[in-house]
Amino acid sequence: MAFCLDQVLELEPYSLKREEKRRLFTQALSELTRTHAEGCGEYGRILEVLGHDCEKDFAPEDQPMLPVRLFKRYELCSVPREEVAKVMTSSGTSGQRVSKVFLDKQNVRAQTRVLTEIIGSFIGKKRLPLLILDTALVKKDRSMFSARGAGIVGFTMFGRDILYALKEDMTLDIQAVRAFLEKHKGEKILLFGYTYMIWQYVAQALEQAGVHLAIEDGILFHIGGWKKLRDQAVSPQAFNESIREVLGSVRVHNYYGMAEQLGSVFVECEHGHMHCSIYSDVLIRRPEDFSLAKPGEKGLIELMSLLPVSYPGHVLLTEDEGEILGEDDCPCGRLGKYFKIHGRMAGAELRGCSDTYEQR
Amino acid sequence: MNSVEYLIGGQKVESAPLPVYSEEAIFFLSDLSHVLLHDPVCRAYPDVTSFAFWCRKGNLRKLAASCVDRARRLGRGLAFHVAPSNVPVNFAFSFAFSLLAGNGNIVRAPSKPFPQVERVCNAIKEILPNHPEVEKRTAFVRYPVNQEITKAFCDEADARLIWGGDETVQAVRSCPVKPKCVDIVFADRYSLCVLDGNSILRADGKALQKLAEGFYNDTYLMDQNACSSPQLVLWINGGPKARERFWNAIQAYAEPRYDLQGMAAMDKYAQMCGDAVEHPEVEKVVRQGGNLLYRVELACLPEAAGASLRGRGGYFYEVDLTAPEEMCPVVNEKYQTLTYFGLEPEDLRKMVIGSRLRGIDRIVPVGKAMDIGVVWDGYDIIGMLSRIVQAE
Chain A
0 MAFCLDQVLE LEPYSLKREE KRRLFTQALS ELTRTHAEGC GEYGRILEVL GHDCEKDFAP
60 EDQPMLPVRL FKRYELCSVP REEVAKVMTS SGTSGQRVSK VFLDKQNVRA QTRVLTEIIG
120 SFIGKKRLPL LILDTALVKK DRSMFSARGA GIVGFTMFGR DILYALKEDM TLDIQAVRAF
180 LEKHKGEKIL LFGYTYMIWQ YVAQALEQAG VHLAIEDGIL FHIGGWKKLR DQAVSPQAFN
240 ESIREVLGSV RVHNYYGMAE QLGSVFVECE HGHMHCSIYS DVLIRRPEDF SLAKPGEKGL
300 IELMSLLPVS YPGHVLLTED EGEILGEDDC PCGRLGKYFK IHGRMAGAEL RGCSDTYEQR
Chain B
0 MNSVEYLIGG QKVESAPLPV YSEEAIFFLS DLSHVLLHDP VCRAYPDVTS FAFWCRKGNL
60 RKLAASCVDR ARRLGRGLAF HVAPSNVPVN FAFSFAFSLL AGNGNIVRAP SKPFPQVERV
120 CNAIKEILPN HPEVEKRTAF VRYPVNQEIT KAFCDEADAR LIWGGDETVQ AVRSCPVKPK
180 CVDIVFADRY SLCVLDGNSI LRADGKALQK LAEGFYNDTY LMDQNACSSP QLVLWINGGP
240 KARERFWNAI QAYAEPRYDL QGMAAMDKYA QMCGDAVEHP EVEKVVRQGG NLLYRVELAC
300 LPEAAGASLR GRGGYFYEVD LTAPEEMCPV VNEKYQTLTY FGLEPEDLRK MVIGSRLRGI
360 DRIVPVGKAM DIGVVWDGYD IIGMLSRIVQ AE
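Residue numbers (numbering that gives the first Met the number 0), protein chains in the order written: chain A, 0 to 359; chain B, 0 to 391.
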């Protein structure tokens, strides 16, 4: 029987036990591998060199992995170009090459639906008053319309009466925010933003100004790397406490996702554990031989998603390190693996005669 | 100039030349050899040890004897050296060559804080007072990349030795020098290895082990990232049995010794995927020892091999040839070292000269790829760093 995403969508996002999920992923990923090997020449060629037999079904851990950086180097697309509805680019820092992800209509729709399922399981089905902790410029300025802008625009579907809390100069529009909170007093408030932006332009700015906003019932989702915060020695706990200090009673959920796998995001539960939904899974691999690391052992993060149908992004080897914390037994009750992210793996320092300029 | 750190010596460096292979230089270097070889800490660094070994009086006397016209040669004056930032002891060789050629030297040491650099500098500092002629001709400096400082040093130079690959060569070359200044530049190069499968099958266990050790030292020891580290392995009589025997020996030798960094493993895997996409010649990839050893098997030799087939940290391309001559069409001026096993070096030299190849400057047995000497990269370094005083 062919795998059908619509059937998965009828399930609750954290409802599959290990064995059921493994069956689903074995079948679905094998089918996706076949689809992409046929549709994407570059991907097919990689499988050929790897000696991968597409005829057979493989368990998730035996699926061929695509290094995520390949999306920066090649235009990997599995559908005819005329069917591409949207090309997503990653928010590479200046000077870096950006990823290009080719989405057809079906892929766009699947991303939206799955994100709705996942976020909805945290906030409920109703749209909530939404405070975006960023500037409205990100959606206006096309050059900023990379993953950051798209992430924000994508999140607006969960909100109503949306307010962008930062002015164009990245200062907090306190008056507007106060008015917004006054208007929605007694309601549950949804907040969204990028981790570092929130830290710098909201948490730190309010703390320095000595302002305390007494949100009574808030729920914040934030996304983006921890690198800059780690450099400043800010732990997730300190981040969360600082948010509550300046904003009030707010539940904080970090979430993790790749521009190459939008939709099937990983959300941190109330116990601080990053969770896989039934649309995605994670494996941790030892760099020396890519064998599977044990729970609690740090390694490279491999991400699997059922969503990518128009580009070969269903099994990705990232450059981030993490560890599995457990499976099916988080005290929050969500089934599936839960894990922790340690951040980007350190770059290789090689010897050699030719000077490497970025290192000096 | 404020950010220049003088590790040894000061701003005033004598530029009056010495004869080539002067007694002063030989005594100083053999003294240095003695100090380094008797320092237990230095002995822990094989690169320092091999430098110290090279500086032994016996070796220097031998080199001097082989320089037949040394009686009429004199140094050029003052040499400025830009050492590569990520090879620890190259700066010491560069200095020694130029000193033997009869020059005063300003040496820019690697900017990375290698313990080897500190050790060698300390040893030099310790013995310099006993060698006043060398002392007044010696300064070692360290400074972050800075074109203004480099310009100031270039102003005075009668010779420049520029290591560090294409970008550094370009950057330093753009600094003006005196019209007669001589440059010896070490650009990015490409190296390869040719193996005879029959000889590998015939080799006994000991010989095979020695071959593996040699190949390891040529490649893994420098993360396969030195100019003279082979990237490409050419097989003559390379049946599957010979290949397995060879690569299994390499894997067995490297496994307990090589520390593969996580990102380097990632890089190798990603490169394999990129190679699959970009090179139709790639037939298959064999991975051994997890990510320790990647063998990319090519159906034929691509013309742009030297520009595009570049592995690091134990990532090799291999191809079957019926005769070494088949490599000739792809060899260009980027090719530096050809290591060999089971073939005659003289035959290979005849091939390079007979086929008028623009590249391949060194033909050495497997295991000698890193052995730097006064002839390197196709240059007679002592010859180029000295002048001939002609009298008729």
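Derived from the structure by calculation, the hints contain no laboratory data. Where a beta carbon is used, it is the ideal one built from N, C-alpha and C, also for glycine. Some hints here could point you the wrong way.
[As the list claims (entries may be wrong)] Chain B stretches covered by chain A per the calculated footprint, using a threshold of three residues with CB under 8 Å from any CB of chain A: (1) 56 to 63; (2) 93 to 101; (3) 146 to 158; (4) 161 to 170.
[Claimed, not checked] Think about it this way: if two alpha-carbon atoms lie no more than 25 Å apart in a straight line, the pair counts; the simulated DSS-like pairs of lysine-lysine are: (5) K297/A / K16/A; (6) K297/A / K99/A; (7) K11/B / K55/A; (8) K124/B / K71/A; (9) K55/A / K104/A.
[To be verified] Using C-beta positions, here's what the derived DEER-type ranges look like: (10) P344/B / G346/A: 35 to 43 Å; (11) E125/B / A232/A: 36 to 44 Å; (12) N145/B / K55/A: 53 to 61 Å.
Here is what the structure says about each hint:
no., hint, in the structure
1, 56 to 63, "violated (count 0)"
2, 93 to 101, "violated (count 0)"
3, 146 to 158, "violated (count 0)"
4, 161 to 170, "holds (count 6)"
5, K297/A / K16/A, "holds, 24 Å"
6, K297/A / K99/A, "violated, 29 Å"
7, K11/B / K55/A, "violated, 74 Å"
8, K124/B / K71/A, "violated, 50 Å"
9, K55/A / K104/A, "violated, 28 Å"
10, P344/B / G346/A: 35 to 43 Å, "holds, 39 Å"
11, E125/B / A232/A: 36 to 44 Å, "holds, 42 Å"
12, N145/B / K55/A: 53 to 61 Å, "holds, 59 Å"
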